[in-house]
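*Asks:* If you read the protein sequences in the order shown, they are chains A and D. Position 108 of the first sequence, counted from 1, bears residue number 108 in the numbering used here, the numbering being contiguous throughout. Position 417 of the second sequence, counted from 1, bears residue number 417 in the numbering used here, the numbering being contiguous throughout.
Note that these hints are calculated values from the structure, not bench results. Possibly wrong hints are sitting among the right ones.
[To be verified] No farther apart than 35 Å at their CA atoms in a straight line, the calculated lysine-lysine pairs in the DSBU-like style are these:
1. D:LYS158 with D:LYS59
2. A:LYS68 with D:LYS588
3. D:LYS612 with D:LYS37
4. D:LYS586 with A:LYS209
5. A:LYS75 with D:LYS612
6. D:LYS520 with D:LYS586
7. D:LYS612 with A:LYS209
8. D:LYS37 with D:LYS59
9. D:LYS164 with D:LYS37
10. D:LYS589 with A:LYS209
11. A:LYS209 with D:LYS443
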Amino acid sequence: MTIDFLTNAFGFNFGVLNIVFIILFVVLAPLVGGILAGIDRKLSARMQGRFGPPILQPFFDVFKLMEKEGITVNKYQDFYMGAFLFFIILTGVFFFAGGDLLLVIFSLTLASMFLIVSAFSANSPYAEIGASRELLQMMAYEPMVLLTAVGFYIVIGTFNVADVLAAGKPAIIYLPGVFIGFVFILTLKFRKSPFDLSMSHHAHQELVKGMATEFSGKTLALMEISHWYENVFLLGFVYLFIACTSWVSIIIALLVCIFVYFFETFIDNSFARMRWEVAINSSWIVALILGFGNIFVLYFLKLFGII
Amino acid sequence: MDTYFLGTLAFLILFPTVIALILLAVKSDAARGGIVKLSAALIALGSIVLTVLYFMNGKEILLAFEAEWISYVMIAIEIFLMVVIVYLGIKYKHYWACVLALIQTPLVSWFEITHSGVIPISYNLYVDGLSVIMALIIGIIGSLIAVYALGYMKDFQKHNEDQKDRRGFFFFIIFIFLAAMFGIVTSNNLCWMYFFWEITSLCSFFLIGYSKTDEAIANSFRALVMNLGGGLGFCFAILFLGNFLNTLELTGLLAGGASGAWGYYLTIPVACLAFAGITKAAQMPFNSWLLGAMVAPTPVSALLHSSTMVKAGVFLILKLSPLMGVWLPGYSQSFGVIYYNWAGLMVMMVGGITFLLASFAAISQSNAKRVLAYSTVANLGLIVTCGGIGTAAAVWAGIMLIIFHAVAKSLLFLSVGTTEHRIGSRDIEDMDGLFSRVPAVAKFMIVGICGMFIAPFGMLLSKWACMISFVDSGNPFLILLLVFGSAATLFFWAKWLGKLCAIVAGKDDHEAIGIPGEEKAVLGTLATLTVVLCLFFPVLSNGIVVPYLGSVFADIETGMLASSNLVIMSILVAVLILIIAFFFGKTKKRIVPIYLSGENAGDDISFRNALKQTQAASLKNWYMEGYFGEVKMNRIGIISTVIILALIAAWCAVMTLGAIITMY
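Put together the whole structure using the sequences plus the hints.
*Replies:* Take a look at the structure:
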């Protein structure tokens, strides 16, 4: 009954499986995201010749933050942060329910906007510069993200995640350029060096803690949890490029997700922070050449009936 | 039924005209206020009555309304206006305006007089879904702006006491403008539409030049010359249609074009009319007139950008859209090139390029009104592109853009106007922490900004639909223009939003000065509309937009945004309203000072510097002049669009010459 209603209301096939996926995402994503963050820190430490914290350290950090005294710099910041978490989870729900890719992208933008406004609302120079830089990064990666959705649309014929997964062949066969472009901008989305302009886990940040400067206690904990959700669902995008109906592809896709995540860790530790000009120039050039170039070729292949 | 429709249309066109004439004579503030408020309410009511009639009728309606004398009255007025233009052109030494007026008015008048009765005109007026939507925008938003202008112009007069009080004339033009707009959206006779079209050009000319400074006069003439240039295109289309295709009706043009009997001849009038639309919609290379219009009082900007003028341009292009699908009907392979619909290609490329470059240019601006102006140009570019693609899905997106842009943009202009009178600046840099300084206005401005660029509000929904139809258009370059333009849009709105949302302690509260009641009421209404309309996406779409598309397009299924997505977006709007209502600003935490490297002087805005002096911390936004400088963007835009327009113009000229030779 409920499922029928949802199917009617949301258009796509809202089966039991979708609901299972949604629940799994909401419950497991923070665990997976937290563990990935822990491994990331461990690996980074090893690359830097340190022993590093335990894998579960991110969870310990969050629990500790939760117990801090509740202080804030104004009445509104907490609301914005709460809304950030809420819409990040909602974005993931749209994605894991097999929904529309553009809907996913737009609700992700809405969520990010709450984080940015939250930082702006503090009116602290550090937070404000961080927030402006985050905006700049958004402008840098947005074209490539949209082109990714367009790429899937051209190959599959719809924007629905469920349809992409139901295809007979992995989309990456047609979208190699888009895939590389997407992995490139993931560095910005994960806020890894050389593009950790807005805030960073590394000590070399000149902006204190950038966007997060004025977040403390529970608010900061919420931001961490949101990022775990966000990272898991971004890896879902990577998964989408490779997974199709065959079991082999699903296993490969999961492996590629893990590989991409640690590849980003590797990049993070191999590069110093670069200037904002590099971030926007390189992302736009990648979007133009790899992203749009790929789509342009696909158009002609379609036109001449080759695919 | 016909009589009711005719009565309502007559009311919508004639009543504002009469009120305008009365306002010209009224001198006292109180009387003017009363008349404007009452007639604004009646005009809004009139547009609602038209909507109700349309739904009672259930479909579009064509109205015969035989009255030859009206055409003669129109010709007489046109000649009078030509004389006015020539007089003013000579007085202020702007001779191009004289030249353009002296070419087109005699040409059209001569043509109308010699051809009256030769070409049968069965229907002079019509009402369909799109004209109802336009009428609602003009009737409701236009009238709201007129009401807002009451308080604003009082302040304006106070700020410019040295000038003669010409407010009577100001409101005269505003109401004439509204009347002419109603005319444009309901005229089936193209000569009538041309008449109203020229009136709006002239109204905007007078409004832009209202303050009579040198800059205002120069800008008003620029607007006039560009729009008369567009009018020349309109005039040429009328002559071509009348001479070669034997119709002067919009319905005739649409039906004849769809039948395929006209072959490549169709491209010529369509390209000329689209050219008129492009100038009026301030597309590159003509965007400078709209930017120049900023010198006028803010309600004028709001009017030009939201419900009148530029919306007439995109209205015409969307109206012609069914004729702009890329291949002309009945084309033959042997003459492939001339059966390619160059009009559609021209329109989509000009619109797309304008969208991208205007969005970029908006980043480099710190003057709020200029940011709004570039954003208008960009959004109109999207609508124009949708028109050029010429599929039902694209036009759906275009109509949605018109609706939501009208509401949100008028809200933004008016809130900038009110803010300017409070804080004495329209620079975004001075709007730091407006949310805590002038909350009454800032919250409206925030609603407007969110309405312009973010999910789940109307503009983003429309852009989403654009995305799908651009991908389906078969022109990959449009996707390129759209994705990069969208990224820029996000950036310039969000950085403004950030400035507003900052909570600045201790800044003075400008609310004490008092905002006129009319201004508050209008801003509140527009903000409510911006949000509430989004709750009714599915109703709006299924109730009026889709039925209209069904009546003009054969295929309305392909590429349409799934209705489930409309439902999701509406639900998201509701969710957003609820969480804001329940949780916004409700924290119980202790409020502490911000971190300024441990040297916070205690007030959160200043710190102790190395010399132990107290110094204020201040930050500026990003403008990225090196990337997106206005001059550079305009130069690229003008060169590329002029090349496109010149190629099409050359093609049309050759084909017209061919037509003339064949005829004689």
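*Asks:* State for each hint whether it applies.
*Replies:* Hints and how they fare:
| no. | hint | result |
| --- | --- | --- |
| 1 | D:LYS158 with D:LYS59 | 49 Å, violated |
| 2 | A:LYS68 with D:LYS588 | 14 Å, holds |
| 3 | D:LYS612 with D:LYS37 | 58 Å, violated |
| 4 | D:LYS586 with A:LYS209 | 26 Å, holds |
| 5 | A:LYS75 with D:LYS612 | 31 Å, holds |
| 6 | D:LYS520 with D:LYS586 | 25 Å, holds |
| 7 | D:LYS612 with A:LYS209 | 25 Å, holds |
| 8 | D:LYS37 with D:LYS59 | 32 Å, holds |
| 9 | D:LYS164 with D:LYS37 | 24 Å, holds |
| 10 | D:LYS589 with A:LYS209 | 22 Å, holds |
| 11 | A:LYS209 with D:LYS443 | 29 Å, holds |
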